[in-house]
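Read off the chains here:
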Amino acid sequence: MSDLNKLTIAEARDHLRSGDVTSVALTEACLAAIEGAGKLNAFVHHTPEIALDRAKAADARIKAGDAPAMCGIPVGIKDLFCTEGVASQAASRILQGFRPEYESTVSAQLRDAGAVMLGKLNMDEFAMGSSNETSVYGNAINPWKIDARDLTPGGSSGGSAAAVAADLCLAATGTDTGGSIRQPAAFTGTVGIKPTYGRCSRWGIVAFASSLDQAGPMTKTVRDSAIMLQAMCGHDPKDSTSAELPVPDFEAMLTGDIRGTKIGIPREYRLDAMPAEIAALWDKGAEMLRDAGAEIVDISLPHTKYALPAYYVIAPAEASSNLARYDGVRYGHRATLGPGDGITQMYEKTRAEGFGMEVQRRVMIGTYVLSAGFYDAYYNRARKVRTLIKRDFEAVFAQGIDAILTPATPSAAFGLGEMADADPVEMYLNDVFTVTVNLAGLPGIALPAGLDAKGLPLGLQLIGRPWEEGALLNTAHVLEAASGFVSKPEKWW
Amino acid sequence: MSEIDLETARKVAHLARIAVPQENLPALAQELSQILTFMEELNEVDVEGVEPMTSVTPMRLKRRKDGVTDGDIQARILSNAPDAREGFFAVPKVVE
Numbered sequence: 001m002s003d004l005n006k007l008t009i010a011e012a013r014d015h016l017r018s019g020d021v022t023s024v025a026l027t028e029a030c031l032a033a034i035e036g037a038g039k040l041n042a043f044v045h046h047t048p049e050i051a052l053d054r055a056k057a058a059d060a061r062i063k064a065g066d067a068p069a070m071c072g073i074p075v076g077i078k079d080l081f082c083t084e085g086v087a088s089q090a091a092s093r094i095l096q097g098f099r100p101e102y103e104s105t106v107s108a109q110l111r112d113a114g115a116v117m118l119g120k121l122n123m124d125e126f127a128m129g130s131s132n133e134t135s136v137y138g139n140a141i142n143p144w145k146i147d148a149r150d151l152t153p154g155g156s157s158g159g160s161a162a163a164v165a166a167d168l169c170l171a172a173t174g175t176d177t178g179g180s181i182r183q184p185a186a187f188t189g190t191v192g193i194k195p196t197y198g199r200c201s202r203w204g205i206v207a208f209a210s211s212l213d214q215a216g217p218m219t220k221t222v223r224d225s226a227i228m229l230q231a232m233c234g235h236d237p238k239d240s241t242s243a244e245l246p247v248p249d250f251e252a253m254l255t256g257d258i259r260g261t262k263i264g265i266p267r268e269y270r271l272d273a274m275p276a277e278i279a280a281l282w283d284k285g286a287e288m289l290r291d292a293g294a295e296i297v298d299i300s301l302p303h304t305k306y307a308l309p310a311y312y313v314i315a316p317a318e319a320s321s322n323l324a325r326y327d328g329v330r331y332g333h334r335a336t337l338g339p340g341d342g343i344t345q346m347y348e349k350t351r352a353e354g355f356g357m358e359v360q361r362r363v364m365i366g367t368y369v370l371s372a373g374f375y376d377a378y379y380n381r382a383r384k385v386r387t388l389i390k391r392d393f394e395a396v397f398a399q400g401i402d403a404i405l406t407p408a409t410p411s412a413a414f415g416l417g418e419m420a421d422a423d424p425v426e427m428y429l430n431d432v433f434t435v436t437v438n439l440a441g442l443p444g445i446a447l448p449a450g451l452d453a454k455g456l457p458l459g460l461q462l463i464g465r466p467w468e469e470g471a472l473l474n475t476a477h478v479l480e481a482a483s484g485f486v487s488k489p490e491k492w493w
Numbered sequence: 001m002s003e004i005d006l007e008t009a010r011k012v013a014h015l016a017r018i019a020v021p022q023e024n025l026p027a028l029a030q031e032l033s034q035i036l037t038f039m040e041e042l043n044e045v046d047v048e049g050v051e052p053m054t055s056v057t058p059m060r061l062k063r064r065k066d067g068v069t070d071g072d073i074q075a076r077i078l079s080n081a082p083d084a085r086e087g088f089f090a091v092p093k094v095v096e
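Residue numbers (the UniProt record's numbering), protein chains in the order written: chain A, 1 to 493; chain B, 1 to 96.
It should be emphasised that the hints constitute simulated quantities derived from the structure, not laboratory data.
A portion of the hints provided could be inaccurate.
[Stated by the list, open to error] Below, a list of computed lysine-lysine pairs in the DSS-like style, where the Cα atoms sit at most 25 Å apart: (1) A:Lys6 <-> A:Lys488; (2) B:Lys11 <-> A:Lys238; (3) B:Lys65 <-> A:Lys390; (4) B:Lys11 <-> A:Lys349; (5) B:Lys62 <-> A:Lys238.
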C-alpha cells in the first residue's frame with residue numbers, strides 16, 4: 001500500500017487491526033513525509049527514535065488483540081504540551097533547552113492508548129497569535145498555495161494544522177484559547193474541535209489563559225476527531241478544573257441522523273464587512289443541515305460584539321500571571337548579567353530577551369488591567385461581560401437550540417507578512433467568531449465546507465451545548481458528508 | 001481614546017519585569033493605548049448587578065487530602081535550572 005501517511009485515523013485503525021499494515025510502516029511513511037516537508041516548518045523537534053519504538057510496541061499490542069483505536073496511529077504534538085525528555089518550549093526563546101521531567105496528561109493518555117509521537121509542532125509563541133508568525137522557530141507555512149505567496153496556516157496551532165493538511169501525520173494535538181484550533185483548521189481544510197472547558201486535563205500544557213485554555217484534536221475528518229478526542233478526554237486529579245464526568249463513545253454517536261434537531265443561526269455573526277463567499281457558504285451550510293432534517297432557527301446572541309474586547313482583557317490578565325513563572329531561575333533562558341546586576345535586572349533582562357514582542361505586549365496589557373486602580377474598570381468589567389456572553393448562549397439553549405452554525409473565520413488564509421503593518425487589534429479580529437465559545441466554555445468544531453474562488457478552503461463552525469461533544473460531532477459529521485469536501489493541497493514543498 | 005503616557009508605559013514594563021529600552025517606550029505606549037481603546041468598547045455594556053464570572057462551568061473545586069504525593073526528586077527538579085549549585089537554584093545577590 002502506498003501513501004500510508006495519507007490515511008485517516010479510522011482507515012489506519014482498520015488496516016492495523018486487519019493486519020495488512022503495521023504501525024512501523026505507517027510511522028516510516030510519516031517520517032519520510034516529514035523529512036521531505038522541511039519547507040513547511042511544521043515539525044520543529046523530531047523524535048523518530050521515540051516514534052519507531054512506540055510503533056514497534058503498538059504492533060505487538062495490536063497483534064495481542066484488544067488494542068485501543070489510537071494504538072499505532074502516528075500523531076504530532078503541539079509544542080505547548082510538555083513531553084518527557086523532549087524539548088517543549090511553547091515556541092518561545094525563554095524555554096529554550098527546556099526538557100520536561102514529566103509528560104502532560106493529554107499526551108500521556110495518547111501515549112498510553114498506543115499513539116505514536118512523531119515530534120513537536122510549530123505554533124505561535126505561548127499560543128499568542130493567529131498566524132504562527134510569533135514563533136521563535138519562524139513561520140509555519142500553509143500547504144495550500146495559490147500564487148507565489150506563502151500563506152499562513154493560521155494560529156496558534158499553525159504547525160499542527162499544516163502537518164495534518166500536508167499528510168505529515170494522521171492527526172495532531174492542538175490547543176484553543178480563543179480559536180487556536182478552529183481558525184487554523186479552517187485555514188487548512190482540516191477538522192478541529194475544542195471540547196467543553198474541563199473535558200481535557202490542562203496538566204502539563206504550558207498555560208496561557210487558564211480559564212479559557214482547552215486541548216483538542218486536529219484531524220482530517222470528523223470521525224477522526226471523535227476517535228482522537230475520546231482518547232484525550234477524561235478526569236484528571238492533577239487539574240482541579242477537569243470534569244469528573246464519564247466520557248461517552250463519541251464515534252458511536254456518529255449516527256448521521258440529525259432529524260428534529262434545532263440549529264441556531266445567530267444574526268450578530270453576520271458582519272457588515274463579511275466577504276460574500278463566506279456569507280454564501282454559511283447559508284449553504286444551513287441549507288444542508290435543513291435538508292438533513294434539522295430545523296433552522298434565527299437566534300440572537302446580543303453581547304457577541306463585546307466578546308473580543310472582553311477576551312483581550314481576560315486572556316492577557318491571566319497570561320501576565322501565568323507567565324510570571326518565567327524568571328530565569330528554575331528553567332529555560334537566563335540573560336547574561338552585567339557587573340552589579342541584581343535579581344531585578346536578571347528578571348527584566350531575561351524576560352526582555354526571552355519573550356517575543358506579542359508576548360511582551362500581552363503580558364504588559366495584562367499587568368496594566370490588573371494593576372491597582374484599573375482592576376475594576378477593565379478586568380472586573382470584562383468578567384461581568386463574560387457572564388453576559390455565557391447567558392446569551394444559555395438563553396438560546398433553553399429555547400431548545402441544539403447547536404449553532406457560524407462561519408469559522410472572517411476570511412480564508414492570508415499571506416504571511418501581510419498583517420505586519422496592521423495594528424495588533426486587526427490581527428485579533430481573526431478570532432471574532434471563535435472567541436465567544438471559549439468565553440462561554442462551550443464545545444466548538446471547525447470543519448471545511450468549500451473552497452473560495454481562488455481555491456482556498458473555507459470553514460464553518462458548529463457550537464454545541466456544554467458536555468455534548470457527541471451530538472456536536474454528529475451534526476458536524478452530517479455537514480461534512482453533505483458538503484463533500486475532499487480537496488487537498490497540491491504538493492509543492 | 002485612552003492615552004498611556006511614557007511614564008505609565010515605563011511603570012507597566014517594570015511591574016511586568018520586562019526591560020524596555022527608553023527609545024522603545026513611545027511605540028509601546030502607542031500600542032498599549034490602541035489596545036486599551038479597543039477594550040473600552042466594554043463601557044457601552046450595562047453590567048449593573050451582573051456577577052463577574054469566576055468559573056465558566058458550574059463546579060466546586062475538589063478538595064484532596066493534604067498529603068505528600070511525591071518527593072526525593074531534587075535532581076529532577078533542578079535538571080532544567082540555568083544555574084543550580086549544591087542542590088539549590090542559584091541567583092544573583094538578593095539582599096544588599
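Each hint, compared with the structure:
A distance of roughly 10 Å separates the Cα atoms of Lys6 of chain A and Lys488 of chain A; the hinted pair therefore holds under the 25 Å criterion. Simply put, Lys11 of chain B and Lys238 of chain A have alpha-carbon atoms about 36 Å apart, too far for the 25 Å limit, and the pair is violated. Annotation: proposed proximity of Lys65 of chain B to Lys390 of chain A is violated, straight-line Cα distance about 33 Å (limit 25 Å). A hinted pair counts as satisfied when its Cα atoms are at most 25 Å apart, and Lys11 of chain B with Lys349 of chain A qualifies at roughly 16 Å.
As the CA atoms of Lys62 of chain B and Lys238 of chain A are separated by approximately 11 Å, the hinted pair is consistent with the 25 Å bound.
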